[in-house]
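Chemist: Take the sequences, apply the hints, and build the full model.
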Amino acid sequence: MPSSPEGRWTFTYSGLTLMVPSQVYRPKEDTFLLAENLLLQRGETVLEVGCGCGLIALLAARKAARVVATDLNPFAVEATKANAQANGLEARVEVRQGDLFKPVRFGEKFDLIVFNPPYLPSDGKEPQDWLSRAWCGGKKGWEVTERFIREVGCFLKPRGRVLLVQSSLGGIEETVRRLQAVGFSVRTVEEKRFFFETLVCLEARLISQS
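Take 341 as the starting number for the sequence shown in the working numbering and just add one per residue.
Honestly, the hints are just simulated from the structure, not real lab data. Keep in mind that this is a model prediction, so the values were computed, not measured. There's no promise every hint is true.
Subject to a maximum C-alpha distance of 30 Å in a straight line, what follows is the list of computed DSS-like cross-link-like pairs (lysine-lysine) [unchecked claim]: (1) LYS403 x LYS368; (2) LYS403 x LYS497; (3) LYS421 x LYS442; (4) LYS449 x LYS497; (5) LYS368 x LYS532; (6) LYS449 x LYS421; (7) LYS403 x LYS442; (8) LYS421 x LYS403; (9) LYS532 x LYS403; (10) LYS368 x LYS421.
Modeler: Right, dumping it as structure tokens:
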């Protein structure tokens, strides 16, 4: 991934060319685990929470009828907009700034919601820079994921689903338990082991209440 004089990085993936500013999380193993398991039907609607440079949102836009991408980081929002335009997908991707579901409008619901959350434990201190916020999941590593789980069901269509990355460093079992407690069935789509952690891609489907 070559750097540019402006402190930006560029990379190519699956026919897309994307730039990543220095203030935005660079796609790594967790991002690519999501990308490899991003399965959707043509015409579905997709929400990506925490879009970063926009790789997942742009991949989804190739099939989805509509993609909404959100991020707290203003640099990530601008990067995703620029990358959508550079790849000819700006008409299919709407990018909004805000924390988790705050940018989502009342009544909006999606077939698929994707989230690569900050999942690493911290020392309890509030992160001061954008890159730290991209990985800091709170003191135990799953506080941000917990907030996501409490709210995500409100934004899914009936039988909608969630695609979520979690790490053994942040409590995979706790995440599964909490998803089940709010009405989801959960399965592991793929697991990748590294010398310091295990990453899993979880699919959670909203169980019909009818």
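Chemist: Could you run down the list of hints and mark each one as holding or not?
Modeler: Comparing the hints with the structure gives:
Between LYS403 and LYS368 the CA atoms are separated by roughly 23 Å; this keeps the pair inside 30 Å, and the hint holds. With a C-alpha separation of about 18 Å, the suggested pair LYS403 and LYS497 falls inside the 30 Å cut-off, and the hint holds. Straight-line distance between C-alpha atoms of LYS421 and LYS442 comes to about 19 Å, which keeps the hinted pair within the 30 Å bound. The hinted pair formed by LYS449 and LYS497 meets the criterion: a straight-line CA distance of about 5 Å does not exceed 30 Å.
For the proposed pair LYS368 and LYS532, the alpha carbon gap of about 13 Å is at most 30 Å, so the pair holds. Pair hint LYS449 plus LYS421 holds up; C-alpha atoms about 22 Å apart against a cutoff of 30 Å. About 25 Å separates the Cα atoms of LYS403 and LYS442, which keeps this hinted pair within 30 Å; it holds. The hinted pair formed by LYS421 and LYS403 meets the criterion: a straight-line CA distance of about 18 Å does not exceed 30 Å.
The suggested pairing of LYS532 with LYS403 holds, with an alpha-carbon distance near 26 Å, which does not exceed 30 Å. This hinted pair checks out: LYS368 and LYS421 have alpha carbons roughly 20 Å apart, not beyond 30 Å.
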